[in-house]
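Top line first, the protein sequences correspond to chains U and V.
Quick note: the first sequence uses the UniProt record's numbering, first residue 1, plus one each step.
Quick note: the second sequence uses the UniProt record's numbering, first residue 1, plus one each step.
Think of the hints as simulated: they come from the structure by calculation, not from any bench.
Note that the coordinates shown come from a computational prediction; the quantities given were computed from them, not determined experimentally.
Mixed in with the good hints there might be a few duds.
Stated by the list, open to error - Result set (DSS-like, lysine-lysine): computed pairs, CA atoms no more than 27 Å apart in a straight line:
#1 V:Lys55 to U:Lys251
#2 U:Lys251 to V:Lys200
#3 V:Lys347 to V:Lys204
#4 V:Lys157 to V:Lys204
#5 V:Lys204 to V:Lys55
#6 U:Lys251 to V:Lys347
#7 V:Lys55 to U:Lys175
#8 U:Lys175 to U:Lys11
#9 U:Lys36 to V:Lys204
#10 V:Lys157 to U:Lys251
#11 V:Lys347 to V:Lys72
#12 U:Lys175 to U:Lys53
#13 V:Lys72 to V:Lys157
#14 V:Lys332 to U:Lys36
Stated by the list, open to error - Residues on chain U that point at chain V, a partial pick, calculated with CB under 10 Å:
#15 Arg151
#16 Arg225
#17 Glu228
Yeah, the Cβ is synthetic: ideal placement off N, Cα and C, and Gly gets one too.
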Amino acid sequence: MNTGKRQKQRKVLLMGKSGAGKSSMRSIVFSNYVAKDVRRLGATIDVEHSNIKFMGNLMLNLWDCGGQDGFVENYLTHQRNHVFGSVAVLIFVFDIESREFQADVISYSAIIRALEECSPSAKIFCLIHKMDLVQARLRVQLFDERTEYIRTASESFRDNVEFFPTSIWDQSLYKAWTQIIYFLIPNAGTIEALLTQLADVIEARELILYERTTCLMVTHVTRGRETENPFTDRFERISSILKTHKQSMSKHTGIPAGSANFAEMQIKTGRFMFFITRLTENTNLAASIPPSEQIFNAARVNILLVRPKFAELDIASKPRPGIQQAFAHSAAQIERGDERSEEEGGRRGNKGKEREVVGMGGGGTAFEG
Amino acid sequence: MEDLPDAEIPVSDVPPRYHTGRLPNSKAGDGKPRLLLMGQRRSGKSSISSVVFHKLPPSETLYLETTTRIKKESMHSFMDFQVWDFPGHLDYFDPAFDVDNIFEEIGALIWVIDAQDEYLEAIMRLNTTILNLQHSYPDINVEVFVHKVDGLSEDYKGDTFRDIIQRVQDELSDHGYENAPVSFYQTSIYDHSIFEAFSKVIQKLIPQLPTLEALLDSLCSTCRIEKAYLFDIMSKIYIATDTSPTDIGSYEICSDYIDVVIDVSEIYGWDRPQENGEGENGHSEIVEIGNNDAESLITMERKGNNYLYLREINKYLALICLMGDDSPAEKKAIIDYNVGVFQAALKKVFPRAEGDPLLPEE
């Protein structure tokens, strides 16, 4: 079986009591809703399926399961094997404001038992949702209490369950989903190794790989001093900045939010330089580099050159000449603006594909002089 | 102006180094333009000032307490000005009040009317105020904010707005005051309209405005820029734009863009200890922030060449350009050059180049 090129379908169940906020978070993360738009959502009837393409051979098969008692009953009886079979991840959403927490946990236990029977190797993520409704000083304590209680009820999954406090009104939602996605990516190691190599070559302080439509972080590489960056939540924050910007762009250009992507964004200041550009068909690469035009230009060219390498890892690796051409075209366009880069690009292009990444190391340092 | 030092100064780590704010109608001396916020109680004066000048999220304004005394705040930005927030119940023309002290250095009188409430009394008081001021201070700009329009339906909003304008103007002309310098704006703190309205109010206080507009116009025509704004970064008020028609949409997109740049800069602009590791040598580490003007650029995918361009002009101002469809990315060099020229010209308009001492006192 040729696993390298085959995309992996990973089944993800999204469950929880009716009104807990499952569909709301799904719409925000995957369908470009803004937090205040979710009021328009109605109740989910039975199961809503969605397929989401991610980087690295990953296809998310998300089952948003309506939480009304009647439906849950049905999942646990008639559809038991259908719903709980071959599940990779169960995401269970608890409403922190729920008045019947005990009942929620009992329903959770029933679902856990079904999961244990049909997919014992599944991983569970519990999201304690709507945290914004709790007073700030009580949040930690309440969260700890709830997680303790839920963990006790998790039976054989006790050690295989993770908890996150979430709210659709801040970046905590992105933090939780980033962890979930990271768990699901089959070849995260390969991607990370490649990114680390790239970061060394272009002297980046930090590289962050984002999925394009959801703006969720896939992975990141941090080098040197940047590890001391006091903003430890910066990955989620950038996710949420990008998402907000996307909304604003789509609102004012009339392009649907799904496709209001920028090709590139650059920010240059005296302290750092930063850019986000498309890496593969469904990922964006954000790079924070030292404030130097030389490093900046070299980094941009090198990222253009490394694209095919990453594209191989990507899910849409069936030969699609259109995309390759588009890359080559945009590369040429950018290089025209910078003679030195063009020269560099030409030389690079002659080298073998395999040696490309290594070769760039030389290129990057040569620029230094 | 003995009370000036007592004004509440917002927390800021950098003391203001310049001030160029000078009013056409201001007296000699270092009077700062004053924005007076007046209106009935609960019309939203303090909310406006908190949202615009203190970046309070609009939803939090519900918890603001009633203002009981005049709140004076100094704003240090491209020009220094003061915002005075008045309690709604004060009678300014009570003989016990030092009217001269209040209205002497005034830049603009902003009268806030709650569009969701009964506004007849508010209009009556507004007119009394205008008529009272007319004799002693005929140069005062009166700006009427028809506020909280977010809660009204589109039709009703327009009707209310027209009704208020009609009533104010009728009553003033009944008293023989024709062509009063009164402007009207529809505002809400839940969208960008309040910033847009403030922008127009502030613009009237900038004597250099025609020069700025001419500069922006020529920048736009040379670089085929669709729309260019000169923003005050801190308050996100724009102090000038080119003279092509403005729509709120392009203001919003630029304002949102500033947020993106500021947020990212906050994350990566942290104070790094002196770096001397590999790869850093050969470049003199820039320690001073703002030494190097920040620059940012967004290229859109779908619309091809359409992109946004931001350039920090000085510590307070940023130029944001919305590029036209026919302005290809290769022209970046031309744009960079012209923006450089624009920046140099602006330095002459606001003489505040690095290293220069403060403006000589008059």
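Hint check results:
1. V:Lys55 to U:Lys251: With Cα atoms ~22 Å apart, lysine 55 of chain V and lysine 251 of chain U stay inside 27 Å; holds.
2. U:Lys251 to V:Lys200: The hint holds at about 24 Å.
3. V:Lys347 to V:Lys204: Holds, because 20 Å separates the two Cα atoms, which is no more than 27 Å.
4. V:Lys157 to V:Lys204: Judged against 27 Å, a Cα distance of about 26 Å means the pair holds.
5. V:Lys204 to V:Lys55: 23 Å, holds
6. U:Lys251 to V:Lys347: 35 Å, violated
7. V:Lys55 to U:Lys175: The hint holds at about 25 Å.
8. U:Lys175 to U:Lys11: Measuring from Cα to Cα gives roughly 20 Å; hence the hint holds.
9. U:Lys36 to V:Lys204: Roughly 36 Å separates the two Cα atoms, so the pair is violated.
10. V:Lys157 to U:Lys251: Roughly 22 Å between the alpha carbons, so the hint for lysine 157 of chain V and lysine 251 of chain U holds.
11. V:Lys347 to V:Lys72: 30 Å, violated
12. U:Lys175 to U:Lys53: Answer holds: lysine 175 of chain U to lysine 53 of chain U is near 19 Å, not above 27 Å.
13. V:Lys72 to V:Lys157: 32 Å, violated
14. V:Lys332 to U:Lys36: With Cα atoms ~38 Å apart, lysine 332 of chain V and lysine 36 of chain U exceed 27 Å; violated.
15. Arg151: 33 Å, violated
16. Arg225: Because about 6 Å separates arginine 225 of chain U from the closest Cβ in chain V, which is inside the 10 Å limit, the hint holds.
17. Glu228: 8 Å, holds
Figure legend: structure checked against the earlier numbered hints; hints not met, in rising order: 6, 9, 11, 13, 14 and 15.
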